[in-house]
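Enquirer: For the record, the sequence lines run as chains A and B. Residues 4 to 282 (our numbering) are what the first sequence spells out, left to right. Residues 4 to 297 (our numbering) are what the second sequence spells out, left to right.
Just so you know, not all the hints are guaranteed correct.
What the hints assert, rightly or not - Taking lysine-lysine and the PhoX-like style, the derived pairs with C-alpha atoms no more than 20 Å apart in a straight line are:
1) B:Lys133 <-> B:Lys143
2) A:Lys121 <-> A:Lys97
3) A:Lys108 <-> A:Lys93
4) B:Lys165 <-> B:Lys192
5) B:Lys192 <-> A:Lys108
6) A:Lys34 <-> A:Lys121
7) A:Lys104 <-> B:Lys192
8) A:Lys197 <-> A:Lys107
9) A:Lys224 <-> A:Lys34
10) A:Lys155 <-> B:Lys165
11) A:Lys197 <-> A:Lys155
12) A:Lys87 <-> A:Lys97
13) A:Lys121 <-> B:Lys143
14) A:Lys107 <-> B:Lys192
15) A:Lys121 <-> A:Lys155
16) A:Lys107 <-> A:Lys34
17) A:Lys121 <-> A:Lys108
18) A:Lys173 <-> B:Lys143
To be verified - Chain A is nowhere near these chain B residues, computed Cβ spacing over 12 Å in every case:
19) Met171
20) Ala172
21) Phe180
22) Leu185
23) Ile188
24) Ile190
25) Leu263
It is worth saying that the hints were derived from the structure and are not from the lab. Glycine included, every Cβ here is placed at the ideal spot set by N, Cα and C.
The primary structure of each chain is shown beneath.
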Amino acid sequence: MNKENVLRVSDITMQFGGVVAVNNLSLEVNKGEIIGLIGPNGAGKTTAFNVITGVYAPTNGMVELNGSVIAENHPQGKMKAQYKGENAGKYTGKTVLTPDKITKKGIARTFQNIRLFKGMTVLENVLVAMHMNMKAGVFGSALRFNAAEEAKMREEAMDLLRMFGLEGNKDDLATSLPYGKQRHLEIARALATKPQLLLLDEPAAGMNPQESDELMHLVGKIREQFDLSVLMIEHHMQVIMGICDRIYVLDYGALIAEGNPEEIQNNPRVIEAYLGVDD
Amino acid sequence: MELVVKWLPYILAGISVGGQFALIAIGYTMVYGILRLINFAHGDMFMIAGLIMVYMATALPLWMSVILVLIITVVLGCTIERVAYRPLRQAPRMSIMISAIGVSYFLQNMALYVTGGLTRTYPTIEWLQKNITIMGASTKMVTLITPVLTIVLVIALVLLIKRTKIGMAMRAVSRDFETSALMGIDINKVITVTFIIGSFLAAVGSILYFSNYTGIMPTSGSMPGLKAFVAAVFGGIGSIPGAVVGAFVIGICENIIKGLGLTTFSDAFTFVLLIVILMVKPTGLFGEKNIDKV
């Protein structure tokens with residue numbers, strides 16, 4: 004097996020005060036894979052996303068993207084005495100990239116609760132995300148030295164909207180779209196940053212079985228067309244089982260299982276975490 | 004006709020002062036829109052721009068002084084943001100507000116130290132002081148230039164915000180810091196640009212405003228600063244058109260009150276207006292209801 008590694012999360016612990024939200028999590032995403040991250044509510048899935056995207060600096064551990072460190076930390080200051088996680092002392096460096104830098108390096112995400120820019124149109128929501136790839140600086144763009152680049156970018160943004168069937172809504176306010184379309188727009192906006200790794204936080208939340216089935220195919224299509232890897236949090240089991248190459252299961256912040264969909268479905272610890280134990 | 008001759012000078016003066024307030028008010032409203040911070044130091048920046056002009060003009064030709072005032076004020080505005088506000092980005096909003104009050108007093112006291120507490124004479128810009136006659140009312144050039152320049156700058160600013168990359172980034176950041184950063188927007192850069200624009204407009208406003216007065220003191224920025232703040236609240240803080248409309252309303256009303264012979268009450272009117280607007284429509288004319296995110 005010679006797989007090209009895209010994301011490597013090593014021994015990540017995220018502790019808020021005395022609460023350990025993510026405990027010693029390690030996971031890997033290889034090129035072209037669709038990976039599922041599942042677990043009961045409050046298991047720390049979204050926190051893990053926030054660490055990977057730089058919203059939180061981890062308390063301990065390391066995150067690498069294509070072999071370069073995007074976050075590394077170890078318990079410091081007050082946390083030194085409070086730290087409840089494992090692997091204390093294994094990491095010594097401190098690298099904390101801000102979310103915008105991490106996005107530029109190639110990670111994009113969507114949100115569990117939709118977070119489109121209010122007051123901006125559908126097209127603008129995509130353009131904003133596309134802008135960071137533009138060469139023209141602040142004043143160049145203000146003085147419109149970059150008409151050609153701007154036009155090309157708009158064309159690319161429209162292509163993205165077309166792919167999601169949103170081209171007819173381009174001048175509507177993003178927040179006026181129906182729920183399902185808002186979810187699609189969030190994915191389009193994330194893709195506009197030209198990521199190598201796409202993080203989807205419950206993309207099928209609130210969708211009916213038919214819609215989530217369509218979404219599943221869309222995610223597959225995105226992987227092919229944009230040549231990227233996907234890490235997704237999802238509660239709809241038919242989506243997760245139908246599309247993921249491998250699945251990680253979190254419970255109470257810690258990894259309890261890892262494997263392909265079949266292995267996960269038959270794993271007693273996963274069943275226990277989801278359904279509880281028989282007395 | 005008689006009525007026009009009697010009232011036109013007051014209305015012209017009102018429009019002119021309104022334009023000057025508008026240039027300051029935009030700085031308040033933009034910073035609030037993005038940082039949710041009332042930048043109390045903004046009025047004092049306006050005063051400092053005036054003092055820079057005083058000292059520059061003693062040594063340099065006027066045109067060069069004007070350019071330098073614009074540049075130095077912008078640099079100062081960005082420096083204040085960097086030193087006093089940026090380190091508090093993660094702090095509660097009240098801390099950064101208190102920091103702004105601190106900067107305000109710091110600037111006033113610096114000015115007191117430099118001027119020795121004496122009123123400094125503002126240089127006369129001949130061209131702005133030229134007398135002109137509009138429909139039989141005699142007035143100064145600056146009265147005519149101010150509203151024109153204000154409108155031009157506001158249109159340019161609105162286009163910048165609506166049409167350009169940085170404008171779009173500013174709108175995105177004003178909606179949601181975290182999501183903007185996750186879309187690859189450099190928040191600090193956007194905030195710096197906001198302070199550049201705010202300081203630049205305050206500097207322009209300062210040149211126009213102090214041209215109408217002979218002297219400048221360390222506290223000269225407080226009253227125009229406060230009135231511009233009221234204008235921003237009246238128009239709906241965070242909204243640029245709101246700030247401009249609010250400033251013109253305040254400028255014109257104050258001068259009409261002066262025309263009625265009630266000069267003593269003109270300042271009081273502004274603050275009564277603030278109280279009334281806060282009671283009747285707390286979001287201001289163009290402000291939007293702030294729905295807290297769940």
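Enquirer: Going by Cβ atoms, does B:Phe180 stay more than 12 Å from chain A at every point?
Expert: Since the minimum Cβ distance to chain A is about 10 Å, B:Phe180 lies within 12 Å and the statement is violated.
Enquirer: Would you check the hint for A:Lys107 and B:Lys192, treating anything up to 20 Å between C-alpha atoms as holding?
Expert: 15 Å, holds
Enquirer: Are all C-beta atoms of chain A more than 12 Å from that of B:Leu185?
Expert: Not fine: 5 Å to the nearest Cβ puts B:Leu185 too close to chain A.
Enquirer: A:Lys121 and B:Lys143: Cα distance at most 20 Å?
Expert: The given pair, whose Cα atoms are some 45 Å apart, is violated under the 20 Å limit.
Enquirer: Are the Cα atoms of A:Lys87 and A:Lys97 separated by 20 Å or less?
Expert: 19 Å, holds
Enquirer: Could you check that no beta carbon of chain A comes within 12 Å of the beta carbon of B:Ile188?
Expert: 6 Å, violated
Enquirer: Assess, step by step, whether the Cα of B:Lys165 is no farther than 20 Å from the Cα of B:Lys192, and give holds or violated.
Expert: Roughly 18 Å between the alpha carbons, so the hint for B:Lys165 and B:Lys192 holds.
Enquirer: Please work out if B:Lys192 and A:Lys108 have their alpha carbons no farther apart than 20 Å.
Expert: 18 Å, holds
Enquirer: Would the non-interface assignment of B:Leu263 survive a Cβ cutoff of 12 Å against chain A?
Expert: 41 Å, holds
Enquirer: Do the alpha carbons of A:Lys224 and A:Lys34 lie within 20 Å of each other, as the hint requires?
Expert: Roughly 15 Å separates the two Cα atoms, so the pair holds.
Enquirer: Is B:Ala172 truly not at the interface, in the sense that its beta carbon sits beyond 12 Å from all beta carbons of chain A?
Expert: 6 Å, violated
Enquirer: Measure nothing beyond the straight line between the CA atoms of A:Lys155 and B:Lys165; if it is 20 Å or shorter, mark the hint as holding.
Expert: 19 Å, holds
Hints 2, 3, 6, 13, 15, 17, 18, 19, 20, 21, 22, 23 and 24, counting from the list given before, are not met by this structure.
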